[in-house]
Amino acid sequence: MQTYYYVLGSRKFLIEEEPLEEVLRERARNYQENEKELDFWLVQQPAFLEAPEMAEIKAKCPQPAVAIISTNKQVVVWLKLRLEYVLTGEFPAPTASIPDALASLATAS
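Numbering (UniProt numbering), first residue to last: 1 to 109.
Rather than coming from a laboratory, the hints here were simulated on the basis of the structure.
Some hints could be false.
[To be verified] Derived lysine-lysine pairs resembling DSBU-like cross-links, with alpha carbons at most 30 Å apart:
#1 Lys60 x Lys12
#2 Lys80 x Lys58
#3 Lys80 x Lys12
#4 Lys36 x Lys73
#5 Lys60 x Lys36
[Stated by the list, open to error] Taking CB as the label site, the calculated pair distances span:
#6 Arg25 x Pro99: 26 to 32 Å
#7 Asn34 x Thr3: 35 to 41 Å
#8 Asn72 x Leu105: 32 to 38 Å
#9 Glu33 x Tyr85: 27 to 33 Å
#10 Lys12 x Glu35: 32 to 38 Å
#11 Pro62 x Pro19: 27 to 33 Å
#12 Glu26 x Pro52: 17 to 23 Å
#13 Glu37 x Thr107: 28 to 34 Å
#14 Pro62 x Glu90: 18 to 24 Å
No experiment lies behind these values; they were computed from the predicted model shown.
Here a beta-carbon is modelled for each residue, glycine too, at the ideal position from N, C-alpha and C.
Using the sequences plus the hints, can you model the full thing?
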């Protein structure tokens with residue numbers, strides 16, 4: 001079982017209003033320069049929010065939500081310092097209620 005850390009916010013805020021793309025590009029460039037494998041992912045409408053234990057977190061976040069999920073806690077700490085109006089936390093996966101940490105409920109359009 002792996003612990004996953006997340007930064008969670010509304011899609012409208014993170015994708016349309018915040019410079020999220022620029023922030024993630026900066027972090028990816030840093031990883032590339034240091035020859036480090038990426039350990040963070042952007043997930044639209046993350047399925048982990050449907051787990052019963054995440055109900056309180058889901059209720060606090062405007063929907064549809066977007067999450068940046070990582071296996072590296074420092075990535076989430078770094079993102080939290082750069083983004084406003086986001087929630088952070090962690091969860092274990094795979095579990096019965098969260099079988100895939102990176103699953104999305106978003107439909108392809």
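A quick look at each hint next to the structure:
1. Lys60 x Lys12: It holds: about 15 Å lies between the C-alpha atoms, which stays within 30 Å.
2. Lys80 x Lys58: 18 Å, holds
3. Lys80 x Lys12: 17 Å, holds
4. Lys36 x Lys73: Within the cut-off at roughly 15 Å; holds.
5. Lys60 x Lys36: Violated, at about 33 Å.
6. Arg25 x Pro99: 26 to 32 Å: 30 Å, holds
7. Asn34 x Thr3: 35 to 41 Å: 22 Å, violated
8. Asn72 x Leu105: 32 to 38 Å: 24 Å, violated
9. Glu33 x Tyr85: 27 to 33 Å: 29 Å, holds
10. Lys12 x Glu35: 32 to 38 Å: 35 Å, holds
11. Pro62 x Pro19: 27 to 33 Å: Distance hint for proline 62, proline 19 is violated at roughly 19 Å.
12. Glu26 x Pro52: 17 to 23 Å: Once the Cβ atoms are compared, 36 Å apart, the range 17 to 23 Å for proline 52 and glutamate 26 is violated.
13. Glu37 x Thr107: 28 to 34 Å: Taking Cβ atoms as reference, glutamate 37 and threonine 107 lie about 29 Å apart, which means the hint holds.
14. Pro62 x Glu90: 18 to 24 Å: 21 Å, holds
Checked against the numbered hints above, the structure breaks hints 5, 7, 8, 11 and 12 and satisfies the rest.
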